[in-house]
Amino acid sequence: MVPIRVEAGGVEAAEPATLAEMRLYLRLDPEDASEDALVAGLVAAARASLEAETRRLLKPARFRVVLAAWPRDRRIPLPLSPLVGVLRLGLAGADGAVETLDSGLLRLGPDPVEAPCLLVDPAAPEPGGRGILIEVAAGYGGDGPALPAPLHLAVLRLAAARYEHRGDEADPPDPAALAAPFRRLRL
486 MVPIRVEAGG VEAAEPATLA EMRLYLRLDP EDASEDALVA GLVAAARASL EAETRRLLKP
546 ARFRVVLAAW PRDRRIPLPL SPLVGVLRLG LAGADGAVET LDSGLLRLGP DPVEAPCLLV
606 DPAAPEPGGR GILIEVAAGY GGDGPALPAP LHLAVLRLAA ARYEHRGDEA DPPDPAALAA
666 PFRRLRL
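Here the working numbering is used: the first residue of the sequence shown is 486, the next is one more, and so on.
Calculated directly from the structure, the hints in this document are not laboratory data. Since the structure is predicted, the reported quantities are computational estimates derived from the model, not experimental observations. Treat each hint with caution, since some may be false.
Computed spacing ranges between beta-carbons, pair by pair [stated by the list, open to error]:
id, residue 1, residue 2, range
1, P630, A522, 23 to 33 Å
2, P556, P630, 19 to 29 Å
3, A498, P635, 15 to 25 Å
4, D517, R592, 19 to 29 Å
5, D558, E584, 18 to 28 Å
6, G627, L523, 18 to 28 Å
7, G614, A522, 41 to 51 Å
8, E516, A553, 54 to 64 Å
9, A634, A577, 21 to 31 Å
10, R560, L523, 15 to 25 Å
11, D558, T585, 46 to 56 Å
12, E649, A582, 52 to 62 Å
In this text, a Cβ means the ideal position worked out from N, Cα and C, and glycines have one as well.
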């Protein structure tokens with residue numbers, strides 16, 4: 486099996502629940518913005534908890550995949566769900582120069598949500614000692630599929646519970662229970 490390295494890109498995307506949605510859900514005074522930073526942090530923490538439970542990305546992001554060679558079966562499984570598309574493909578030499586390839590040489594596998602992978606066209610050139618660089622987009626929102634309503638509600642509920650019970654409740658709602666219907670299983 487060819488080793489795969491996946492790195493997060495530098496694109497900052499919006500959280501799956503906006504500050505305005507969260508303020509409305511919490512019924513906060515529209516004139517008082519004193520806790521906006523706290524509320525925004527709780528939304529980010531709720532999203533991260535649910536992403537860990539579901540093994541899905543709840544907001545759009547870009548990732549760079551680095552390979553030393555094409556896999557023999559021409560299939561590149563990725564831990565990024567939902568997988569949205571290939572943004573860039575290239576071969577990088579030792580000197581850092583990148584030869585751009587047609588991103589059409591890669592296509593999404595048949596199920597980019599439950600079994601995200603890239604399928605390599607047989608016409609893709611061999612790297613010849615160069616590294617294979619692939620940039621992909623993944624996650625709900627943006628150019629990807631819309632975030633399912635139950636996951637959106639789970640973000641709101643988890644963030645609200647953490648807001649309402651700051652320090653006086655041992656455990657807020659269980660992210661595993663909220664995310665159970667959307668959890669990706671591993672074989």
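Whether the CB-CB distance between D517 and R592 falls inside 19 to 29 Å | 50 Å, violated
Are A498 and P635 spaced within 15 to 25 Å by their CB atoms?
-> Holds, at about 20 Å.
Status of the given 54 to 64 Å range, CB of A553 versus CB of E516 = 57 Å, holds
Outcome for the supplied range 15 to 25 Å, where the beta carbon pair is R560 and L523 | 44 Å, violated
Given a hinted range of 46 to 56 Å, is it respected by the beta-carbon distance of D558 and T585?
-> Between D558 and T585, where Cβ atoms are some 25 Å apart, the hint is violated.
Outcome of range test on Cβ distance (G614, A522; 41 to 51 Å) = Since the Cβ atoms of G614 and A522 sit about 49 Å apart, the hinted range of 41 to 51 Å holds.
Confirm or reject the claim that G627 and L523 have a C-beta distance inside 18 to 28 Å.
-> At roughly 26 Å between Cβ atoms, L523 and G627 fall inside 18 to 28 Å, so the hint holds.
E649 and A582, beta-carbon distance inside 52 to 62 Å?
-> Hint holds: Cβ distance 55 Å, inside 52 to 62 Å.
At the C-beta level, are A634 and A577 separated by a distance inside 21 to 31 Å?
-> Between A634 and A577, where Cβ atoms are some 41 Å apart, the hint is violated.
Take a look at whether the Cβ-Cβ distance between D558 and E584 falls inside 18 to 28 Å.
-> 24 Å, holds
Is it true that P556 and P630 lie within 19 to 29 Å of each other by Cβ?
-> Holds, at about 26 Å.
Return holds or violated for the Cβ distance of P630 and A522 against the range 23 to 33 Å.
-> 30 Å, holds
The structure shown violates the earlier hints numbered 4, 9, 10, 11.
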